[in-house]
Amino acid sequence: MNRLLPVAAWGYALALYGFIFLPVAVLVLFSFQDGRLPIPPFDGPSLKWYSQVWGDRKLMAALGNSLAVAMLSSGVAVALGFLAAWGLARGRLWGTRAMQGLITAPLTVSYLLIGLGLMISFNLSGIGPSLVTVGIGHAVINTPLCFAICFASMGDHQVNIERAARDLGAREWQVLGLVTAPMLMPAILAAFALSVTFSWDEFIIAFLLSRFDVTLPVEIWSLLRSGLNPKTNAAGSVVFLISVAVVLVAEIVVARRRA
Amino acid sequence: MSAERAERRRAWAAVAPALVWTCAFFVVPFAIMAAMSLWQRQGREVVRVWDLSNYHAFFSKPHLVGALWNSLEITLAVTAISVALAYPLAWIIAELVPRRFQRLALMLAVLPFWTSYVVRSYAWTLVLAKNGVLNQVLLGMGAIAEPLEISATRTATVIGFVHFFVMLLTLTIYANLLQLPPNYRRAAADLGAGPLRVFWHITLPLTLPGVMVGAFLTFVLCIGDYITPQILGGNSELVLPQVIMLQLGRGADLPMAAALSIVLMAVVTLAWLGCARWLRLERA
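Chains as they are written, first to last, in numbering that gives the first Met the number 0: chain A, 0 to 258; chain B, 0 to 283.
I should point out that these hints are in silico values taken from the structure, not numbers from a laboratory.
A couple of the hints might just be wrong.
As the list claims (entries may be wrong) - Below, a list of computed lysine to any residue pairs in the SDA-like style, where the Cα atoms sit at most 20 Å apart:
#  : chain 1 : residue 1 : chain 2 : residue 2
1  : B       : 129       : A       : 21
2  : B       : 129       : A       : 224
3  : B       : 60        : B       : 270
4  : B       : 129       : A       : 246
5  : A       : 47        : A       : 34
6  : B       : 129       : A       : 40
7  : B       : 129       : A       : 254
8  : B       : 129       : A       : 47
9  : B       : 129       : A       : 223
10 : A       : 230       : A       : 31
11 : B       : 60        : A       : 60
12 : B       : 60        : A       : 188
13 : B       : 129       : A       : 154
14 : B       : 129       : A       : 38
15 : B       : 129       : A       : 226
16 : B       : 129       : A       : 227
17 : A       : 230       : B       : 246
18 : B       : 129       : A       : 225
19 : B       : 60        : A       : 226
20 : A       : 47        : A       : 33
21 : A       : 230       : A       : 38
No experiment lies behind these values; they were computed from the predicted model shown.
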C-alpha cells in the first residue's frame, strides 16, 4: 500500500498535467505547420503563418486596440479600487460592509449579463458601441478585483506613517501619492497586472460592446469562422506568449518587492 | 474631534468614485435590464408595456426550458468531474512535492490558464476533431477502429470546461490544503490511522468548505459561459447563454434576451442560497 501510493500518485499527476497541457501543446506545435490544416501529420517547422499574422492589418490593429483597452481600463480600475480600499480601510464609515458588498458585487455576476446590461443601457441612451464602451465594461469587472487586492493589503501599521506625513505638513494628495501608494505598490502592481490579463483575454463584453474597432479576442473569434487554420494557431500562440510574459513579469516584480 | 471628522470626509471622498462608478455602470444597467425583461418586442420596436409575457414565453417554449436543463446538466457534470480530478492533484502537490518545488508545480499546472478563452476552446477543437490529434493517435495505437465522434457534441463542451476548471480548482484546493494545521493529521496517525483513514476522516472534512467555495465558483462561471459551448458544443444542444445570444442576432429581441438573463441570474442566486450553508461554514 505505502509503496504503491506514490507510484499511483505520480502517474495520476503526470496524466493530469498531460491533459492540462495537451491543447496548448497542440496549438503551439501546429502553429509551425507547413501545410494548410493544423492537424497531424506535422510537416514543419515553418514560420509562414506567423508572417501571415504579422501581415494581417486587422489582427495587428486589434492587438493594438486590446493593449490600449487593457492598459487604460486597468488604470481606471486600479485607481477606483485603490481609493475605495483606502477610504474603507482608514475611515470608520457608516455602512462599510454594505459599500464593500456593492463594490465587489460585479464579481458574482457572469460577464455575459454585465455585458448585456451595459449593451442595453448604452443602446437606450444612444451611446454607440466603441472601444470606450468596451473599456468601461472591463473597468466594471476589474474594479472589484483591484479593490479586493488592495483592501487585503491595507494594514493598520501604515496609518501611523500616514499620520506622521500629515503632521509634517503633507497635503492629502501627497500623503496618498507619496506615502500610501508606494507602501502598497506590490498590491497595486499585482492588481494592475491581473486586470490587464483579464481585460486582454475578455471576449463576451468586448464582443457585445464593440462594433468596427474590435479587440484581439473578438478578431480571433471572427477568424474561427474559417474553420481549422494554422493562422489561428499562430495568432493564439502569440496571445498566449504575451499573457505568460505579463504574468511572469508580475511574478518577478512582486517576488523582488517581497525580498 | 475635528481631525476625526476630516479623516471621515477624506474617506468618503476616496470611496465615492468607486461607488458612483459601480452604480452607474453596474447597478443601473442591471435595473434597466430587469425593466426591459418586462417589456415587449413588437416588430422592430421595443414597446414599454409592463407584463410577464417574456417569462411566460420562456416557460411555455420547450427549446428555451430545454436550454436551461442542458445548462444545468452540463454545469453539474463539469463541477463534479472537475472537483474529482483537481482534488487529488492539489493533494499531490501539497503533500508529495517537495516544498520549494510546490510553487513551480502549481504555476505549471495553471500555465494554460493564460491562453485566451477563445483560443483555448479552439485548441480543443484541434484535439477533438474527427481527423484531429486524439483520433489519429488512438487510431495509430490501434486503441480504436473508428474515429471517435466527439467534436460538436456535449462531451466536447464538458471536456473544454473541465480543462479550465481543473486548473482553477487545483489552485483553490491547494490553498486550502496548505492552511490545514498538520497536528490533526499527526495525531490521527499517532493513534494508528493509516494514510487513507487520515485522509478520509481528517483532511477531506476539513477542506470541504474550501472545496464548496471552489465548486460554487465553478458552477457560476460555467453556467454563464457562452464561448466554450458555442465553439465546442455544436448546434444540437444549446445552453442558456447561447439562447440569450441568439436573441441578439437577426430581428433582435432585447426584452427576451433580458428576461432569459434574469432567469440565468435567478438560477445562480438559487444555487448560492443552496450552498450558503457550506459557504458560510468557512468563516466559523
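### Hints that the structure is at odds with (numbers, increasing)
3, 4, 7, 8, 11, 12, 13, 17 and 19
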